[in-house]
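Fit the two chains together into the complex; they arrive one by one in their own frames, and the hints show the way.
In order, the protein sequences belong to chains R and C. The numbering of the first sequence is the numbering used here, which starts it at 1 and goes up by one. The numbering of the second sequence is the numbering used here, which starts it at 1001 and goes up by one.
Treat the hints as calculated values from the structure; they're not laboratory data. Each residue gets a CB set at the ideal place from its N, CA and C atoms; glycine is no exception. Honestly, I wouldn't trust all of these hints.
Stated by the list, open to error - Which stretches of chain R does chain C cover? Using the computed rule of at least three CB atoms under 8 Å from a CB of chain C, they are: (1) 278-288; (2) 407-420; (3) 629-635.
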Amino acid sequence: MTYMAARKARLLLASSLLAIGVHQGAHAETTRAPSLNGYGVSGLIDMPSGEMQPDGYLTMSTAHWGPISRTTLSFQISPRMSASFRFLGIRDWSDCMPACNATTFGTYYDRSFDFRYQLLTEGRYIPAVTVGLQDLAGTGVLSGEYIAATKHITPAVKATVGLGWGRLGSHGAIGAPFGERGRIDIGKGGKFNFDQWFRGDAAPFAGVEWQINDKLTFKAEYSSDAYVVEDKQRGTFRQRSHLNYGLEYYVNEWFQVGGYYMYGSEVGLTAHFIMNPKQRPMGSIKDTAPDPVKLRPSRTADPEAYSTDWVTQADAAPILITNLNKRLRPDGIEVEAISYSADRALVRIRNQRYDAEAQAIGRVARAMAHAMPESIETFEIVPVVDGLPASRVTMRRSDLERFENSPTAAESMRAATVISAPGSQAGLTYDPELYPDFTWSLSPYNRIRLFDQRGSPFKMDVGARLAARLEFAPGWVLEGSAVKRLAGNLGNIPPAKPSALQEVRSDVERYDANGDPAVERLTLTKYAYLGGDVYGRISAGYLERMFGGVSAEVLYKPVNSKWAIGAEANYVAQRDTDGLFGFGEYDYRVATGHISGYYNFAPGYHAQLDVGRYLAGDVGATLSVDREFASGWRVGAFATKTNVSSEDFGSGSFDKGIRLEVPLAWGTGRPGRKTYETTIRPFGRDGGARLDVEGRLYEAVRDYHEEGIDAQWGRFWK
Amino acid sequence: MSRSSLLIAGLLCSALAACGNQTEISPVLGAITQAAKGATTKAKGPAAPPAEVTRADLAQLKVPVIKGELKSGNATFYLVPISVKGNVQTWSTSDKLTVTFRDSVMSETRGFGPDIMQSSGPTLAQLRSGNSTHRRSYVYLDGGDQLIRISYDCTARSAGPATVTVVGLQHSTTHVVETCTANGASFTNEYWFENGGKLRKSKELLVSEWGHLELARVIDGG
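So that you can see chain C by itself, here it is in the shape it has in the complex (with noise of 0.2 Å):
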């Protein structure tokens, strides 16, 4: 390589990005760079609405797959199962977004961002009963890596016999909701639970400033 090759090689390297094989060279840049591959991606145009997933696609993966979606976010994910401890169950996506149910509800998140860290919570029991008063609470991590709990009185409800449509197919259910309230803040879960007892499909709180995870067991184990 000439010299003014190089000096040019090099004055791109230091205009464009950093190089080297160092894993954190200047990640100021770095997210530059992403920036600028989003603002290109979206320079395109509004994204294709992604193709309408089929009970079969699912079905092909042979593994039970919880279809979850976050309303906020404008975001929908297939979960499927990496673990199981007892009654709790850590279900994922491929890009390691977990979801972890203890006793089939929601109990913590990781990948989202502001996740769930821990929480204590209802059994399915005491939901399905339509008819319960308990505690909930939640612990998270603050942008300051604090964890900080908010816990909530709640009480759930029967709301009468619905019909839930999850990727093509009806399911008859009992309509549960839970409403929980704390120093004036309040959410709503609810909760659909075929006649046999199995949770279908659920609207469970991530973190208020976010919204709901609405979770629908689309595929079930054998």
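Chain R with its partners taken away, still in its complex shape (with noise of 0.2 Å):
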């Protein structure tokens, strides 16, 4: 062929897929989720219903209207319970009780959780029923609990009714059945108000959702909020009716907006962003093609082509490294060593591409059975993360042939593969071209402070972070990274708060404002295999922006149990808020630790607990319950008690939160392990704070055993 005719041929057969990807909500219609209101929450307008968004939604809506304005997050936790948790603002302010003619106005600014739980789900003849709790801890502006009814009368028309307590109580009470509701005691915040759920006035509340066609819903409601607060005491606005009505407008499955006449006197706004970690909005992930797995020839038909001379080749090991990882550097992955003998395999891997763990073992495997000489029977993987060998999963060659089309091709392949622990690591030759392995990147980054009470709610940074990373040898990894602002206000250092503890975390805003540029880590860590089931890691250096020293970690995680158990011993010193290499502006040095259990306790529900001494030197545990999702996703809510009184905690009273973990390939539908997180503390303080090492064994080895591997295996053939 002449090249031209080749580079036609080469045109002709690369596929003209440009228009596909535009529509690829392959199995991810459902029927509609409930609605949300301007709580964020199933719901009418600024009243709650009886339904419940489909399990592991998670939803973000921001509403408004006249002073008020609320954002808030509601993840569903299990299909019959939700918790959300709210920012609030309200403007208009005044500050002199009852509201008053010579006065200033500002913004109340609070935070709020509710917890939510459906009693019966909707059927034929009974309606979906609900209790909640609103602001069921601290201050309490919000509070108020419901149980609420929804019914569908028509397939487009539901109707809400409700019974509420607290401010959903305030107006049109019909008695107060359960007694009388206390005052709150506040306190330093962070306690739920037993005595306050269900008690005083309840009142009835109602209304209607119509459905009137595929992009418009309309609602109304009466209200049983008469915003006692906020009208009588503050005067932020007058309420002249009990009455809200509305029409909102359904864009798509993932964005909803609203627009109301709120309480005869207001317009009101609302937008909600619906995710559902369950689905990637693009459906099932799109990557080339893989090889198809190559067949050997019959021993009988060819027996030469089984001998085993090869195994005494001098430079057999290199050209298979060379060999593997011509396959397999397209996919992200790296042979770093390999070991065999004449009918056995192992190679160790690095993946960084594939977030499904069993989709690159799939490419490693297919890349053996083209690579590997025939003679070779058994294939083994292992997984390398930071020079850690995490697991090691063993199949025949042959049952790789035989299932690779079958009609239960995943099914059987699953059932014919070991996962096990990563065992010996003996007779490796490594590919001498791997280390040192050095990479670099220079980047955005930003940083934000919620909830600064002092000015704006929201603060950010913005600026360029330079990382780098150096494995000089298998687990030796060398790596820093230091940024620099460009722009944002965190720079200005607030009017420092009287702590009653060492200020290991409060003093965050003279970090962020002195610390530019900043070395934020810079650290040498050997990681380790330590045999059997047992992990290892030391690490030494500026650990992370507060603090330097040393830290070493033992994780025990068996490949195929749900639980695991690991040790952490820190001595570390409390580095300057320059961000430089010093110590001696806090003169602080503490020894730190936790002992750390982890149980995965039910498919797809992870509890951590830790226990131990803490940054500021308190003693206590930190309870950590996570959903996670096989897409990557993981939701959860984390609380420590410690030692340390409500009153030297200071505000919240101790520390607790909640995180997100979202992988990118969810948003982009293309395979990729990087994932975003972000924890998200209602009152950041000195209690109960952790050091921030990175590199924890237990995250870095899990994903490579039976678990993080079986929750994706779909992909192994993919």
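Here's what the structure looks like:
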């Protein structure tokens, strides 16, 4: 074939699938989720309903009317249980009570937590019934409880009736069935207001929702909320009616907006962003096809092919590594070492690309079927993370050949695959070109501070981050990062709040302001597989923004178990706020460490308990509970209680928060291991603060353990 | 490089995308870059229709060729065989889109996104008979990487003779229509068999939301 003909042929064979990808909603078709209200929970306009969002949904709602702005993050923890975290702002907040003429106005900010439980799901005759606790802890400005029932009257019309307490029982009360509602004992906040729940006056509310067509929904409701504080006490707006009505526009499954006329005096707007961690918006991951498994000739037809002479060939190992890497590099996988005998080969791989570990293993297995001499029947694949072998996946080559195109390919292959501890790593030949392995990047970063009550509740810096990593031998990693601020408003140090504890975290503003540029981290770490099911790490240097020192960790995590146990010990000193190399500013040293237990107590539900000594020298425990999705999403909450009193801790009484981890592949629909993590603490103080060291072992190895691989096993053959 | 030019280089790096030698620094920026590229391509106006591919062009490849079309994606592609294992054949485009046939009936795909990961279905002889009742089952990966199986009850019936044109050449065929239903969902596959029994052309379901692949056997194997 001439060059031109060959070129033309290549162009011909390149598919023209440009248009694909527009409509990748395969399998995403679901019935429409219940609509959300201005509190960001399933409901009408200002009132809740008896419905729940579909399991796992994470919604972000922002609602604004008159002086009131609420932004709410809600998570459907299980089919019947949901929780919300809300940030509230009320403008025109008079500083004299009750509202008077000569006064100044400000904006009142508050945070609130809700919890809802669905007692009944909607049936043919019975309505969906939910009980809810709104703003169930702390200052309780929004506090109210309710029981709400919702029933479809026609497929397009549903009605809600409910009974509210607290602020939801403040208008049109019919009595106080469960006794008087006491005053909230706020203290330092963060306490559950058990004594208030469902006490005091109860008042009915009701509403209807009519889905006019695919896009428009009309809502009307009668509200039982008298807005006593906002209207009568603080004079932020005038409530002239208890009827609210409006229209909502369904842009798509993931975005909806609404406009309302509220309480006879104000115009309201809402926007709801809806995410389903169980399903990528674009459906199944799109990736190039793998090479088909290469079949070996039958041993009887071609016994020569099965010769084992190659085993003694001096340069066999480097040739095999080169051949494997030729096939695997386009897939973002590197073979770093190999060992073999006549009928068995082990490869150590680094997976830089596949969010689904099973897919990386599937790709390596196919590459081995192409590159390995015919006499090799057993494939062993050892995924390596930071030089740490995480597990060993063993399969027979003939099973790979046999099951590839079977109608039960995935199930059959899984049944024939063994996932075990990494085991002996002796006799490896490394790719000589792999070490030292140097990577660097210069990328933008942002740093966000929420809920800063001195000024704006949302502050942010943006800038550039220079990061570099040198793995100079397997498991030996020297890495660091530095940042330079380019713009933002974290530069001003607000007046210091006195802390009864060492300012291990509360001085974050000083680090934000003074550290420009700052060395965030500069560490030398050794990761080691200690044999059996035991992994180890030791790190030294500038471990995090505020502390430097040494950190050592061991982890016991059997490959096939739902639990693990680990221990971490650190001796650290508090760094100077200029983000450079000194420790003199605070002259504070502390030994800190934890014993940690990890337990996957139900499919997709994970708990972690850390018991030990925290940075301020306080002693206590942290419980974290997360919902984990095969897609890589993680949504969870944590709370830490130590021997620091509520008084000494300050606002919030104890450390707690919610955390989110979102995989990029969920949004792009392409393979990738990058995830975004964020932790939201309503009150970040010095009690219960843990060292933020990188490279903790549990998260590094568990992806390649049985549950991690099996969660996305279907992608083995992708 | 002066200090200020270093700074400018750094700013550009930050503003445009991440720099460095890491393979996966900031895929968000990668995605934005891709989107931007898409936008600039679009800005040039609609792409010129691809030049008509002739039978002679394809014959020059000197290998069997199947012309594939995905009507819902307005896409055309050409496949050549890359693997034969017994009655299972895998065909591929040069940019790694593959279709696998079991006994000449499409059984798997890769590279499309919502691919048929595994399946079971009728034999070619059952379809060719124009009088068959059989089951089909398709397994897909959903948007959360879980395998979902959809099974259908199907019948294949002859729809009489038909002439089909495949890249400039007419073929006399028998048209067979396969109708499959499951829980209210249904789809129809079509097959065009030549007198000798050769399957010349077919229209087979990829996934219900996307529709069918049309597969025309243009250049046959020696």
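Hints and how they fare:
| no. | hint | verdict |
| --- | --- | --- |
| 1 | 278-288 | holds (count 11) |
| 2 | 407-420 | holds (count 4) |
| 3 | 629-635 | holds (count 3) |
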